[in-house]
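Undergrad: Each chain, written out:
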Amino acid sequence: MAILPPGVSAESFQSGIREFQDAVGRDWVFTSDDDLHSYRDHFSYIKDQPNELIPSAAVGPDTTEQVQAIVRTANKYKIPLYAISTGKNFAYGGPSPNVRGSVTVDLKRMNRILVCDDKRNFALVEPGVSYIDLYRHIQANKLNVWVDTPDPGWGSLIGNAMDHGIGYTMGYYRDHFGAHTGMEVVLPNGELLRTGMGAMPASQSWQEYRHGYGPDPAGLFGQGNFGIVTKMGFRLMPAPEHWRNGLVTVPKRQDLVPLIEVANYLGDLAMCGEPWYGSPLTELMGNTEFRDAALAFNEGEMDRQAASANLHSWQVELQFYGSERTTLANWEYAKELVARKVPGARFTDGESLKTPLTREQLAATTGPYPTNMRRNITQGVPGLGIWYMTGRTERNPNAWNETHIGLFSLIGRSGEAVLKAQQDFAAVARKLGMPSLFPNAIQTPVNWYQFAFLMGNGFGLGGGDVSPAGKLAATAKLREVLRENGALGYGDYRAPPILQDDVADQYSFNNFALRRFNETLKDAIDPNGIISPGRAGVWPAVFRSMRGGMRS
Amino acid sequence: MSGSRKTLALAALVLGSWAACAAAQDAERGQAKFEHSCAPCHGDGVGDDGRAMLPGTDALRIKYQGSLPALLEKRTDLNAEAIRTFVRRGTWSMPPFRPTEVTERDIQDIAAYLRQSSSGGR
Chain A
79 MAILPPGVSA ESFQSGIREF QDAVGRDWVF TSDDDLHSYR DHFSYIKDQP NELIPSAAVG
139 PDTTEQVQAI VRTANKYKIP LYAISTGKNF AYGGPSPNVR GSVTVDLKRM NRILVCDDKR
199 NFALVEPGVS YIDLYRHIQA NKLNVWVDTP DPGWGSLIGN AMDHGIGYTM GYYRDHFGAH
259 TGMEVVLPNG ELLRTGMGAM PASQSWQEYR HGYGPDPAGL FGQGNFGIVT KMGFRLMPAP
319 EHWRNGLVTV PKRQDLVPLI EVANYLGDLA MCGEPWYGSP LTELMGNTEF RDAALAFNEG
379 EMDRQAASAN LHSWQVELQF YGSERTTLAN WEYAKELVAR KVPGARFTDG ESLKTPLTRE
439 QLAATTGPYP TNMRRNITQG VPGLGIWYMT GRTERNPNAW NETHIGLFSL IGRSGEAVLK
499 AQQDFAAVAR KLGMPSLFPN AIQTPVNWYQ FAFLMGNGFG LGGGDVSPAG KLAATAKLRE
559 VLRENGALGY GDYRAPPILQ DDVADQYSFN NFALRRFNET LKDAIDPNGI ISPGRAGVWP
619 AVFRSMRGGM RS
Chain B
281 MSGSRKTLAL AALVLGSWAA CAAAQDAERG QAKFEHSCAP CHGDGVGDDG RAMLPGTDAL
341 RIKYQGSLPA LLEKRTDLNA EAIRTFVRRG TWSMPPFRPT EVTERDIQDI AAYLRQSSSG
401 GR
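One line per chain: the protein sequences are A and B, in this order. Residue numbers for the first sequence follow this note's numbering, beginning at 79 and rising by one. Residue numbers for the second sequence follow this note's numbering, beginning at 281 and rising by one.
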């Protein structure tokens, strides 16, 4: 299925391919259907549709200089590029570009760990380095730092940070873009730029002061299309000596408000790691009377039934990193704070373990209480164990989750905001005729970002119809959800390319002032619009007519 | 044995040793690549959330119900061609792997490693 980049003649494309081959070698330029199959989004909602987002070719550089040569050639022939790191990012588009026919710049071969310093606690890596790679490097060299890993560990540190990905340890490290310490970027004209102290030729502190001097453009490269990042630094968490967890439950629905206040307080003082919220009332899901009360958001009735079942309404699992004594002190302090604010709160000591955990401790799921906390990721141990969620399991032996997608809205970091979002999301699901997955009245947020909550939208996608028509219908429905959520003030933090214009539309303050600003910059910096046009809804002038094109 | 026959026999011995040595090196490289790129899903460790197996191994256990081993390292039927198909095309929730991640040489080496591991050598 040979396709061309939009607006590029077959002759120009062939000339471009030859120059790409000159730059990286013939073995690393891919144009056959067989090779390009692996550059498609395996979980695409529009697989095999005429507008499926597939590349015309892929090129795999090994050095920054080769990336510069590729960018210069792309400018010469006006070929749009789309850069990927390890090319995972599944649920958010995988390796697929925003514009069909782009040439994918596959940075996987650039997989060098340039620095990993366990005294100053940072690493400097290339885009092809995965979380698993860095973890293994740390283990092999007995370094005293941890990796803050997302769920699947095959992703790239740079790619994940570029898409504002998250992790599960202490707050500062969970925001992967926020924990970056400067970057090197090939600009759309092929020039090389370094941010922060890297802008200083003789700097000895590139990974230690990311602001440098003057305006810092680093934010433009996250979820952006202003260049191709070829090196990036990350702050690493020093390996703690001890880990402890504990469970707090509170009886009434409104007790969520003080519970979250305490967890925010502890987290923002760096006294605990990621809090994991949940509701013990999940147990009552099969009870029609309770379910009716939950679907109606009848708080009094929910509290009554919870008390009758001797169940509490909410729980949070707290985790502490440090020494045996400091983790104990922080846990005791957490109990004291909650007890002051919430009458009837209960506390269960969890486990208290010397780190690094043994293989058996990492695998353990039993403890003083049933836990939702996934041990590996709280310990910074990357892997692929979580991938069972997409595949064949005992509960799901004859199908796989081929519409795996991530859509999470940002909500305020308070109990009031959570309770309101539950009602708002349920109302949107009702309005759009979408089956609700569960009574949204017991849905809890995730605190992946230290200073924000995210909540999934809590609906099903039409009975699991994975036929091509079913997927298209689900895509259309998701667009409606994003529009409705946006109108209510809930913006998503990340999306696959087929929905990026829809998410960008949510951010419309002052007649899209932010988008207009970004696109003014884009046109100035990338006049040919060759770097990832359309990424995160930022369209260069030459491709701007394609905005919203995925909706048709 | 004449001189020329001796020379031929020696050459055959040297070639045979060289081939065995090269095969061992292929398998060694294949093992390293397998452990890097395949074992996180298809290894013999335990899975997440209390699951007894890693997801790829568990999926194959459910699929084959004992008619084939769940562990790839025990499979005798995975030659380079079969591996290439799964790696490049993907299957079910396993996405395809790109030629920058797993090269043609890697596929050959992994096949050599699986031949060795499934025959009991490792």
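Certain hints may be false.
For lysine-lysine, the following BS3-like pairs were computed, each having C-alpha atoms within a straight-line distance of at most 27 Å [to be verified]:
(1) B/K354 - A/K220
(2) A/K125 - B/K343
(3) A/K125 - A/K432
(4) B/K354 - A/K549
(5) A/K432 - A/K330
(6) B/K354 - B/K343
(7) A/K220 - A/K197
(8) A/K220 - A/K549
From the derived model, a few chain B residues whose C-beta atoms are all more than 10 Å from chain A [claimed, not checked]:
(9) R331
(10) G336
(11) D338
(12) G346
(13) L348
(14) P349
(15) W372
(16) T380
(17) Q388
Looking from chain B toward chain A, a few residues come up when the C-beta cut is under 10 Å (computed) [what the hints assert, rightly or not]:
(18) G325
(19) G327
(20) G400
Keep in mind the hints are simulated off the structure, nothing from the lab. Keep in mind it's a predicted model, so treat the numbers as computed, not measured. Beta carbons: idealized from backbone N, C-alpha and C, even for Gly.
Undergrad: Would you mind marking each hint as holding or not holding in the structure?
TA: The hints, checked one at a time:
1. B/K354 - A/K220: violated (32 Å)
2. A/K125 - B/K343: holds (25 Å)
3. A/K125 - A/K432: Distance of about 47 Å is beyond 27 Å: violated.
4. B/K354 - A/K549: violated (37 Å)
5. A/K432 - A/K330: violated (35 Å)
6. B/K354 - B/K343: Cα-Cα ~16 Å, so holds.
7. A/K220 - A/K197: holds (12 Å)
8. A/K220 - A/K549: violated (47 Å)
9. R331: Since the minimum Cβ distance to chain A is about 6 Å, B/R331 lies within 10 Å and the statement is violated.
10. G336: violated (8 Å)
11. D338: Per Cβ check, B/D338 is inside 10 Å of chain A; nearest 7 Å; violated.
12. G346: Label holds. Min Cβ-Cβ 14 Å, cutoff 10 Å.
13. L348: holds (14 Å)
14. P349: Fine: 16 Å to the nearest Cβ keeps B/P349 off the interface.
15. W372: violated (4 Å)
16. T380: Incorrect as stated: the minimum Cβ-Cβ distance to chain A is 4 Å, not above 10 Å.
17. Q388: holds (15 Å)
18. G325: Hint on B/G325: holds, closest Cβ of chain A at ~8 Å, below 10 Å.
19. G327: Holds. Min distance 5 Å.
20. G400: Result: violated, 25 Å to nearest chain A Cβ.
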